[in-house]
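Order-wise, the sequence lines are chains U and A.
For the first sequence, our numbering assigns the number 140 to the initial residue and increments by one for each residue that follows.
For the second sequence, our numbering assigns the number 140 to the initial residue and increments by one for each residue that follows.
Bear in mind the hints are in silico, worked out from the structure with no lab data behind them.
For chains that are exact copies, the list does not tell them apart, and a pair is met inside one copy or across any two.
Here are the computed lysine-lysine pairs in the DSSO-like style, where the Cα-Cα straight-line distance is at most 27 Å:
| no. | residue 1 | residue 2 |
| --- | --- | --- |
| 1 | 321 | 237 |
| 2 | 257 | 237 |
| 3 | 228 | 267 |
| 4 | 321 | 290 |
| 5 | 247 | 257 |
| 6 | 267 | 279 |
| 7 | 279 | 228 |
| 8 | 228 | 247 |
| 9 | 237 | 205 |
| 10 | 199 | 279 |
| 11 | 290 | 247 |
These figures come from a predicted structure and were not determined experimentally.
There are 2 protein chains.
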Amino acid sequence: GLTTKLSHSAGINNDDNEEGFARSLFYQELATEAISVLGGQRNWVSNTANLASLIYNKYKDESSFKTRSVNWVGFYTVDQSAVSSDQNKLVLGPFQGKVACTEIVVGKGVCGKSAEQKASVLVDDVHKFPGHIACDPASKSELVVPLLDPKGEHLLGVLDIDSTVHNGFDEIDRIGLEFVAKILVDSTDWAQP
Amino acid sequence: GLTTKLSHSAGINNDDNEEGFARSLFYQELATEAISVLGGQRNWVSNTANLASLIYNKYKDESSFKTRSVNWVGFYTVDQSAVSSDQNKLVLGPFQGKVACTEIVVGKGVCGKSAEQKASVLVDDVHKFPGHIACDPASKSELVVPLLDPKGEHLLGVLDIDSTVHNGFDEIDRIGLEFVAKILVDSTDWAQP
Numbered sequence: 140g141l142t143t144k145l146s147h148s149a150g151i152n153n154d155d156n157e158e159g160f161a162r163s164l165f166y167q168e169l170a171t172e173a174i175s176v177l178g179g180q181r182n183w184v185s186n187t188a189n190l191a192s193l194i195y196n197k198y199k200d201e202s203s204f205k206t207r208s209v210n211w212v213g214f215y216t217v218d219q220s221a222v223s224s225d226q227n228k229l230v231l232g233p234f235q236g237k238v239a240c241t242e243i244v245v246g247k248g249v250c251g252k253s254a255e256q257k258a259s260v261l262v263d264d265v266h267k268f269p270g271h272i273a274c275d276p277a278s279k280s281e282l283v284v285p286l287l288d289p290k291g292e293h294l295l296g297v298l299d300i301d302s303t304v305h306n307g308f309d310e311i312d313r314i315g316l317e318f319v320a321k322i323l324v325d326s327t328d329w330a331q332p
Numbered sequence: 140g141l142t143t144k145l146s147h148s149a150g151i152n153n154d155d156n157e158e159g160f161a162r163s164l165f166y167q168e169l170a171t172e173a174i175s176v177l178g179g180q181r182n183w184v185s186n187t188a189n190l191a192s193l194i195y196n197k198y199k200d201e202s203s204f205k206t207r208s209v210n211w212v213g214f215y216t217v218d219q220s221a222v223s224s225d226q227n228k229l230v231l232g233p234f235q236g237k238v239a240c241t242e243i244v245v246g247k248g249v250c251g252k253s254a255e256q257k258a259s260v261l262v263d264d265v266h267k268f269p270g271h272i273a274c275d276p277a278s279k280s281e282l283v284v285p286l287l288d289p290k291g292e293h294l295l296g297v298l299d300i301d302s303t304v305h306n307g308f309d310e311i312d313r314i315g316l317e318f319v320a321k322i323l324v325d326s327t328d329w330a331q332p
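Based on the provided sequences and hints, a complete structural model is requested.
Have a look at this one:
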């Protein structure tokens with residue numbers, strides 16, 4: 140009836156509640172594990188490599204995430220060699236998944252947009268996103284979270300997550316991954332090559 | 140009979156020949172793909188990240204490799220921050236697989252032994268290797284190939300491959316991965332953070 144429809148469209152039926160609650164717990168666990176994994180090391184390459192692995196494998200293992208088919212988890216960092224030029228670029232960092240594009244101009248595609256705005260970008264259908272860069276044709280939705288220095292001013296890079304299904308991510312994922320990104324930034328020295 | 144046993148122990152029966160031939164072709168293809176993937180980029184983080192992905196996914200896809208169950212492919216690089224100290228260390232670089240140890244003392248474990256000797260180390264059963272560092276308890280055999288500068292003098296890092304079965308790798312793999320490691324070194328600028 141009408142009540143069911145209304146509550147469903149507002150995302151507050153019981154199934155949605157349970158799923159969302161499970162996913163919030165998932166991100167709390169992920170945050171705890173990230174603190175543990177990143178705790179003994181401050182090298183940015185090691186820490187981004189291990190965090191990409193932690194997130195990717197936790198998505199694969201947990202029942203609350205299996206239907207979302209996450210196929211790529213990784214990092215792009217600000218390309219220090221291009222900072223003095225007139226075109227800022229991101230360069231591929233450690234990741235889990237298939238071979239990826241190595242350079243992204245800030246402002247282009249989902250990663251580039253997140254870097255430009257220093258804000259998370261959540262895309263339900265990447266093929267509808269203007270200027271989408273199709274590294275892996277299997278990717279259908281995407282969430283990109285910026286890595287900002289502790290003062291929140293300077294961009295260090297972005298954390299990029301892809302799914303092979305549409306609507307793979309929502310606000311619960313955005314909040315969860317922004318928290319994990321903050322743990323990473325605080326645990327890491329960001330000296331660049 | 141005796142003949143079969145002898146030829147089998149020498150690795151020259153027809154099945155072994157065919158399997159070895161297929162695997163040699165596999166590495167020729169891998170080398171060609173590595174040249175293509177690494178061709179447009181000289182950043183060491185991007186190139187090691189993409190090469191780990193290329194190798195890992197090719198192992199997963201190709202029938203000649205499926206029985207070997209490769210569970211980890213990645214890099215450790217010389218820790219420049221420790222070079223002036225009395226204890227040389229390797230630090231975790233980009234990889235595919237589960238979360239890994241972030242620091243290895245040169246001389247310790249299979250990676251550390253390869254770094255110390257600047258030579259490949261092939262281990263049929265890691266649990267019999269003195270001082271083995273068990274990052275992932277699933278790993279049973281391992282092949283580590285050094286990354287040496289173009290003159291073959293200075294160590295840049297190591298390429299490390301793990302399998303969940305005993306005897307996962309042999310001389311064909313060693314030769315194939317040493318060739319791919321050389322392609323990586325020649326395609327990459329190794330400035331460190």
